[in-house]
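There are 2 protein chains.
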Amino acid sequence: MELQAKPSKNIGIVGLGLIGGSLGLDLQKLGYTVYGITHREKTAAQARERKLAHFVSTDPSILKDCSIIFIALPLEQLINPSSSLINAIPENAVVTDVGSVKVPILKTWNKLHPRFVASHPMTGTEASGVHAGQHKLFKNKPWVVTPDKATDQQALKVIHQISLSLGCKWISADAQTHDEAVGLISHLPVLISAALLNTLSSDTNPSLYSLAKSIASSGFADTSRVGGGNPELGVSMAKFNKKNLIKSLLCYRHSLDLFEKYLLEENWNELDKILVSTNEVRQNFISKSTM
Amino acid sequence: MELQAKPSKNIGIVGLGLIGGSLGLDLQKLGYTVYGITHREKTAAQARERKLAHFVSTDPSILKDCSIIFIALPLEQLINPSSSLINAIPENAVVTDVGSVKVPILKTWNKLHPRFVASHPMTGTEASGVHAGQHKLFKNKPWVVTPDKATDQQALKVIHQISLSLGCKWISADAQTHDEAVGLISHLPVLISAALLNTLSSDTNPSLYSLAKSIASSGFADTSRVGGGNPELGVSMAKFNKKNLIKSLLCYRHSLDLFEKYLLEENWNELDKILVSTNEVRQNFISKSTM
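Protein sequences appear in the order of chains A and B.
If you read the first sequence in my numbering, its first letter stands for residue 1, the second for the next number, and so on.
If you read the second sequence in my numbering, its first letter stands for residue 1001, the second for the next number, and so on.
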């Protein structure tokens, strides 16, 4: 008999930061009973105050009646989960995560739990922590899953149904391609943007720095935004997507070499060609609905 | 007798694109009589329809009664102005420009006109052309001037007064420092952002490209925005600010080398330090009022 993709009414969320907290708010609205786990009692109290879940505890044993569990922890803790968490997960629960790198997470969790589905809901704001969660964070955003041979197809259906009810666009990809793509469009931008900020602070004399600061406008603000973000996130993406990021960085340096060459040669014709092409690539690449 | 900084009622604007058109709209509102020049008759008709100036012509001789003239042309034409334009400028008029590179413009215009003031109003949108001009484009934005020994102080006062009446923040700097600063915070971002787009299009297999496209989100959109902009602008800034841009690019590559080194060495501690510092630099650098 095929399991119906109708979820149980009890959902657990481990971690109530931006993603976990937002899940809690939306899932309660969808009629689920939500059990939230935080690391510290102080955060639990704040999460209760913000009504991020019906029940909030620092004790993972409250997950015992949950049939679906979202692990919304930072990458480091997703890849090295605590044994108290592992032990608290009911054997038959569908478990998913929200991490931005999938190969190492699949490697860990396929061994730990038979009904694990690797997820990467691609959404966010600049906020983080227990105060960051908000309603409708997932609406019209991609919910990427990276199933492999070991993935339980019925568990996958359960996550599919929930992601649709959150308003997400469902995208299935293999984990390696996902990690490469994320390296290119998400992790590489963090590095190149951070390198811009680092250039300013390390190679600039005071009067130049001061003038640059007073005239920096929206172009600079946009290009430097992701490089000025959460350092912990930046380090973990580099750590867990190192190979792909190094590969992307190498390709990026080839592009930069080309620009430098055209500048040095005063080859304005070729520079124009490449800028016409990047103008087209961006128009083709940026779908308004994901902004 | 000192000339009063009170402007005449007749202002000329050469070029009615984003900057020139926006100047036309605001200056008419401030009570000036505005004479606009376009290159082609078709554009002149569109400018008349949009009421970008009281009088619009393709013939520079309509500038004959203007005592203040804004040359709002692309860099190429600012640095190599047509003789018909030069001949049409009344000898006693205060003339200013809007170009983003100041050393070559000062070099050209100090020889051409005794009452030239080098200006760089730092504002904009993604739009360009005769349909781009809009009201209040200058409000709270920097109006940078780069006077030198040859600059007429009374002409400078006239431009100062107008920039204040447009709502600008007046910033005076020397032309060389201005061009270096703009190289760092405006022209370098265009190159590093374009190099990101070029990396995607040149080094990516079709399935990776397709996935990357479907999951690219606001971080990618922001980092790639200026690199996907107007190619003509990109080429002209490279052409006329080449030396500073090459210098900035060299410094930038040092930063990128550092990130690559930490990745290869798995030196997460140093990577964290640098990302903590770029997070602070950005908070310090981005003034909300210029966004």
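Source of the hints: derived by calculation from the structure; they are not laboratory data.
If you're wondering where the values come from, they're calculated on a predicted model, not measured in any experiment.
One or more of the hints may lead you astray.
Said to hold, decoys possible - Calculated pairs, EDC-like style, for lysine to aspartate or glutamate (alpha carbon to alpha carbon, straight line, at most 20 Å):
1) Lys1243(B) - Glu270(A)
2) Lys1213(B) - Glu280(A)
3) Lys1111(B) - Glu1041(B)
4) Lys51(A) - Glu41(A)
5) Lys1243(B) - Glu260(A)
6) Lys239(A) - Glu1266(B)
7) Lys111(A) - Asp174(A)
Said to hold, decoys possible - On the chain A side, residues computed to face chain B include the following (Cβ under 8 Å):
8) Asn140
9) Pro142
10) Trp170
11) Ile171
12) Ser172
13) Ser207
14) Asn267
15) Leu271
16) Asp272
17) Ile286
Here a beta-carbon is modelled for each residue, glycine too, at the ideal position from N, C-alpha and C.
Here is how each hint holds up against the structure:
no. : hint                    : result
1   : Lys1243(B) - Glu270(A)  : 18 Å, holds
2   : Lys1213(B) - Glu280(A)  : 13 Å, holds
3   : Lys1111(B) - Glu1041(B) : 30 Å, violated
4   : Lys51(A) - Glu41(A)     : 15 Å, holds
5   : Lys1243(B) - Glu260(A)  : 11 Å, holds
6   : Lys239(A) - Glu1266(B)  : 7 Å, holds
7   : Lys111(A) - Asp174(A)   : 18 Å, holds
8   : Asn140                  : 11 Å, violated
9   : Pro142                  : 5 Å, holds
10  : Trp170                  : 11 Å, violated
11  : Ile171                  : 6 Å, holds
12  : Ser172                  : 10 Å, violated
13  : Ser207                  : 6 Å, holds
14  : Asn267                  : 10 Å, violated
15  : Leu271                  : 5 Å, holds
16  : Asp272                  : 5 Å, holds
17  : Ile286                  : 5 Å, holds
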